[in-house]
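Residue numbers (the working numbering), protein chains in the order written: chain A, 775 to 1055; chain B, 775 to 1055; chain C, 3 to 241; chain D, 3 to 241.
Some clues are possibly wrong.
[What the hints assert, rightly or not] Computed spacing ranges between beta-carbons, pair by pair:
| hint | chain 1 | residue 1 | chain 2 | residue 2 | range |
| --- | --- | --- | --- | --- | --- |
| 1 | D | Gly192 | A | Gln911 | 45 to 55 Å |
| 2 | B | Asp977 | D | Asp210 | 24 to 34 Å |
| 3 | C | Glu200 | A | Glu982 | 46 to 56 Å |
| 4 | A | Pro916 | C | Ala146 | 31 to 41 Å |
| 5 | A | Pro916 | C | Pro205 | 31 to 41 Å |
Worth flagging that the hints you see were computed from the coordinates, not collected in a lab. For glycine and all other residues, C-beta sits at the position ideal for the given N, C-alpha and C.
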Amino acid sequence: MSGKIAKVEALAEQVRDGTRLALPVDYGGVPMALTRAIVARGARDLDLVCVPISGLQADMLIAAGCVRSIETSAVTLGEFGPAPAFTRAVRDGRIALKDATCPAIYAGLQAAEKGIPFMPIRGILESDILANRPDWQVIDNPFAADGNPDPIVLIPAIQPDIAVFHAPLADRDGNVWIGRRRELMTMAHAAKHSLVTVERVVDGNLFENEELAAGVIPTLYVDAVAEAVHGAWPLNLWDRYPIDEAAMRAYIACARDGTADDMRRLAAKAVPPQPYPAAAE
Amino acid sequence: MSGKIAKVEALAEQVRDGTRLALPVDYGGVPMALTRAIVARGARDLDLVCVPISGLQADMLIAAGCVRSIETSAVTLGEFGPAPAFTRAVRDGRIALKDATCPAIYAGLQAAEKGIPFMPIRGILESDILANRPDWQVIDNPFAADGNPDPIVLIPAIQPDIAVFHAPLADRDGNVWIGRRRELMTMAHAAKHSLVTVERVVDGNLFENEELAAGVIPTLYVDAVAEAVHGAWPLNLWDRYPIDEAAMRAYIACARDGTADDMRRLAAKAVPPQPYPAAAE
Amino acid sequence: MIATIAGLLEGCRHVTVGASSPVPGAGALLARRLAPADRPMIVSVLGSQAHNMFTNGGVETFDCAAEGRIDAFFLSGGQIDGQGNINLVGTGDYPANTVRWPGSFGSAFVYFMIPRVILFREEHSRRVFVDKVDFISAPGTSSAGIHRPGGPYALLTPLCLFDFDKAARRFRLRSVHPGHSVEEVADNTGFAFDRPDEVPVTPTPAADRLALIRGTVMDEIAETYPRFSADMRAALPAA
Amino acid sequence: MIATIAGLLEGCRHVTVGASSPVPGAGALLARRLAPADRPMIVSVLGSQAHNMFTNGGVETFDCAAEGRIDAFFLSGGQIDGQGNINLVGTGDYPANTVRWPGSFGSAFVYFMIPRVILFREEHSRRVFVDKVDFISAPGTSSAGIHRPGGPYALLTPLCLFDFDKAARRFRLRSVHPGHSVEEVADNTGFAFDRPDEVPVTPTPAADRLALIRGTVMDEIAETYPRFSADMRAALPAA
């Protein structure tokens, strides 16, 4: 039907300099093949929005000098330790930092999804996160009983220009199956455009199977889909294939000691190993 | 595991007088068997919340004198015409009426789901719906550019005591499969308790199949499940079995001309016909 | 009528139709058939399972509209007045209306958020088209400063087609259907409206479009509106 | 330690554990095993697929907490101070911290909404337990009038167990683990805390519980925290 199926490089071209880019959480389906293509393209001044935290993806983009600012609740390589490029860039003040807390990022995205200018959220009051976010506001709850101001935080809508993520399956029309990973759907609804890589593009239409349909993001929200086998490598894709520990260690060494050029070279030549390493245990 | 599987009558007992009861839209899976049991139990002073509209279910409860108030965007029997008991009760002023518009009801439920006191929503300004809803508010958008107040409507949280609905499938632990009918999930998250009837209770756990899991409401939100084959009858259940036109006409006659006792009698003896009528065409 | 609706939908990428509106549904399905390959049109029929790609429940229709992803929607009204206000609640004084209709559905929201809201009513009478509605389910226009990317775009009846002029806050007669006259429209309309000196006749669909309606589109409609398409087939002159 | 955690979770219906916290995870799995049949306990391990029955994406954890459907959660901190404030962001002056940690995650929200937030840190030192944190990711208590159904409930370290007294806004030493002393706790804690005259020793798990931990619970943990359970098995005295 529509020509939504494209190459990974073509998707990377659409991520122009200065794009506000939404990234998924590490275990949620990270499009590392697309990320390497974005790095190889030499994208600059990206404003990252981590939904709600990131790891290897944000760190690699930062290491390769693609990032102007980052809004996140955390950046970490999990059991592989701290994210080297992120930690260094924050300390050197090289990237603008908007610290948040996970539900606040969801609230901002859901506001954009619903076309409202802000979303109220409980908690966060009297924290230094709030104190360092002049773009958030606090009002008294208009529905509070008299005599009790009941202050509540308001998060402004977050509308990414582009959301990128990796999923197991899509059909030729551009419908993408994400199962229970509904944060990917929230990102796609909130963002102006979505660029998706998948393990497999199938013929037929995902809506023909009502059980599959329950976990599908309709093509209405998807601008382009590219097939990328092991597209999350070296990260795992859910429980379908495991994280590649050797590749992670190679990344960490480069991010910690190398230059932006080193990272661009690493990104350009890194390819999933054949055969793919079995689960660690 | 837990004893969440019960009889329809036991579920009806839990709907005590004065319950704020959330009802699903007619094509969304309406628990008519449970509704008849609630009528047969002689429930009174129910405050209905239609998510976001209702038809036969609300009209039957009104006809049988169970309803004190109703919050809805519409009550209609669709191609079978207006809802007789609702229309009469509104004209006689016998039930308190909170007219709404569909997205406002979703906004109220999503506020309760998120534990926030209100949810902003666009539109609705300068309408007579808003003029007749003293419980809704309007504030100027705190994030608006200077000089432009940009008024926006705030909907207070709607937290039903009990949500009731009918679905194809549940397992013995109380996990319920609802496929794409996510408004049922929103109801279950927003309500304090959920009582669910299903076509079939299966052994095993719905989470074992990742595709099915995408459309499941976890047992965490479900208080009790009862098996009720053709539990939506005489309404259809999605496209699984059709509406029973003869039974609908019998209902309309009773609701238009009969008394509350007539309706209770109709509810008490109405049982899905065997074999079930094939699709109308 | 179906061809006129298809014309009104030209260029739309996503059209949403209520379950119980077969004529607009048929018009949308025809428009989708005519949409150019490089600009495909999606038609979502609310409440149906086949023609509906929403996967986040009923709220998604409204979120989608608020994201600016729905270009056209159909609304009707028990009463519609000269300022484009629509009344889906009832006549007499609210809430104990003398005549109570089902309710406002999503009108108070979509009337603000969707650019081309096409009003459609199969009864053209002074009872329906009144000077002032008894209850405003959704206002035709909004005061300055109110966020409103959408609103009434056209009003289609069995007699004629109106455009809605947002600045003037009035309807403007665009054309009268074959076999009907401007006077007939004026006699049956309770609100004042503008009109060009020469009011054209609504163009009838070209032969190829007519064949299309009676052929493939008819089958597609049958799948979603079985009863409606059966009646239409019966009403067709013997081919 | 795992048995102590299970004790802290008694009576909870739903406990949520972060993916990278194996000891709390093990404690929660033990508590679930011990929960009475008529009051089963659900344990959700965030980020895992097997031990996680959320189906509405990452936001559901927080919505669920806000609905009051999560009874206990585990948090830690690069720094924790005497008022229960936790710092997950870094030391020195923000934002160019001299030492930057990953970030606050969901702490600024769950610390308000979940009744029993159990603080857990495997390093008991003055570096971690400071008088005043450099950055408040989530405050230990809130001013009057702030909606806050939840907060810090206990602080567990390798040396001891503290309770948190909301009214006094201070920790209170509940017990010291076998082989450790109150003085050792005082020497390694940078904030003032209350204590009873006689500080009891943290009870060691009864033989049956110990067997349970080393048996069925160990297998369950292995499924979620493979590396952790392998290390634990190695550390066990030869049975």
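Hints, one by one, checked against the model:
1. Checking the proposed 45 to 55 Å range against D:Gly192 and A:Gln911 shows it is violated: the Cβ atoms sit about 35 Å from each other.
2. Under the hint 24 to 34 Å, the C-beta atoms of B:Asp977 and D:Asp210, about 31 Å apart, fit the expected range.
3. For the pair C:Glu200 and A:Glu982, the supplied restraint of 46 to 56 Å holds, since their beta-carbon distance comes to about 51 Å.
4. With their beta carbons about 24 Å apart, A:Pro916 and C:Ala146 fall outside the hinted range of 31 to 41 Å.
5. In this structure the supplied range 31 to 41 Å is violated for A:Pro916 paired with C:Pro205, their Cβ-Cβ distance being about 53 Å.
Comparing the model with each earlier hint shows violations of hints 1, 4, 5; every other hint is respected.
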